[in-house]
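Colleague: Join the two chains, each given in its own frame, into one complex according to the hints.
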Amino acid sequence: DAGITQSPRHKVTETGTPVTLRCHQTENHRYMYWYRQDPGHGLRLIHYSYGVKDTDKGEVSDGYSVSRSKTEDFLLTLESATSSQTSVYFCAISDNADTQYFGPGTRLTVL
Amino acid sequence: AQSVTQLGSHVSVSEGALVLLRCNYSSSVPPYLFWYVQYPNQGLQLLLKYTTGATLVKGINGFEAEFKKSETSFHLTKPSAHMSDAAEYFCAVSDTGGTSYGKLTFGQGTILTVHP
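The listed protein sequences correspond, in order, to chains P and G.
Residue 36 in the working numbering is what sits at position 36 of the first sequence, and the numbering runs on without skipping anything.
To convert, count from 1 in the second sequence and add 1000; that's the working numbering.
Keep in mind that the hints were calculated from the coordinates and are not lab data.
Because the structure is a prediction, the values reported are computed rather than measured.
The beta-carbon is built from N, C-alpha and C at its ideal position, and this holds for glycine as well.
Be aware that one or more of the hints could be misleading.
Said to hold, decoys possible - Which residues of chain G face chain P? A few of them, derived with a C-beta cut under 7 Å, are:
# : residue
1 : 1090
2 : 1101
3 : 1102
4 : 1106
Looking at chain G on its own, in the form it has when it is part of the complex (with noise of 0.2 Å):
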């Protein structure tokens, strides 16, 4: 089974701040790991993503995240945040291969308050 955990529902950073959001998941198998952004009244919208290759990846808007097996980590982050960057972070894993069929499994949210 896999499951994952955002430390934090709530993160508050000033304006050009690092960002850093974090997630640890468990799973069974090599995982897919995702970060999701949800604005206000609005769909998920996907930040980046980790499949293979390369385990620092970079998504839009800046941010970027690193995968870390060892610590079974794959933290969010962006080296200065915007007001834009207000939002509700999602991170979620899936199982790269079986009958998993991209099944993902999400974290709790994190909402990120950016001040000016």
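Just chain P, same shape as in the assembly (with noise of 0.2 Å):
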């Protein structure tokens, strides 16, 4: 997975709590992408990051934010998460914003 690690790999927790998940990449790539994965809506990009501290929305942005304070790390928060929030997320990561290389997924669930 092109050196890319995602933790926790699945977490249960209850709707409006706070859930924070990680992406850790040892590339050193300058693009790092968030998103989830729905049945019947492939996967939809949350948020991207473009930088250390150079971050922009997706298009399903709404309810997250996120992070990146270095290179390696991007972080995706659910500030009071709701059932609507259970998927698969994803992160991935880029060098040169032409091919992305994805990380193993994170399964969320929220009660």
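Modeller: Here's what the structure looks like:
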């Protein structure tokens, strides 16, 4: 998986609690992305980063925030989790905004 | 705005038969096009990509795809299916320039089943 790890790999939480997912890369790639995968929707972009402290919204960013304080880490935070945020979350990285390489995913269940 | 349509959410073939997974896209600028494969409980793996140049691109595991601008298509094919090809396949498009930062727009996915 091109030197990408995601943690945790599985998480069950309750509605209203904060959740932070971590993506860590060892490739020194500039670009990082968070997607969510839901049946029938493929993958949809939540947020992305084009450098340290440089982030922007994707198509489904409501309810999510991100931070990137160093090149290797990109954090996705659900400030107050809702059941609609139950999903599988994938991180991806890219060196030149050409090809993206994906992590193994985090399965999040919000009860 | 970009969009991707994969025709057929499920495709079933016999082992040894031709695999054809269809993908049509819309983009206001020359696109980069990708096919990814996802095996159960795993992340996405790049199969192949088209950026510029030759419109017929070859990927891993014997797959290939042809970029047809006039048809706005990027269909994925493999001459002879193997049982190990059973997976979900995603077509994706990104803008080639501007401030897109390589953001991908994905199709809904096609689950390929291979029968003995």
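Colleague: All hints are to be evaluated individually against the structure, with a verdict given for each.
Modeller: Now for the hints, and whether the structure bears them out:
Satisfaction of the interface hint for residue 1090/G is found here, the shortest Cβ-Cβ separation to chain P being roughly 6 Å, below the 7 Å cut-off. At about 5 Å, the closest approach between the beta carbon of residue 1101/G and any beta carbon in chain P falls short of 7 Å, and the interface hint on this residue holds. Below 7 Å, beta-carbon pairs count as interface contacts, and residue 1102/G has one with chain P at about 3 Å; its hint therefore holds. A least Cβ separation of about 4 Å between residue 1106/G and chain P falls short of the 7 Å threshold, and the interface hint therefore holds.
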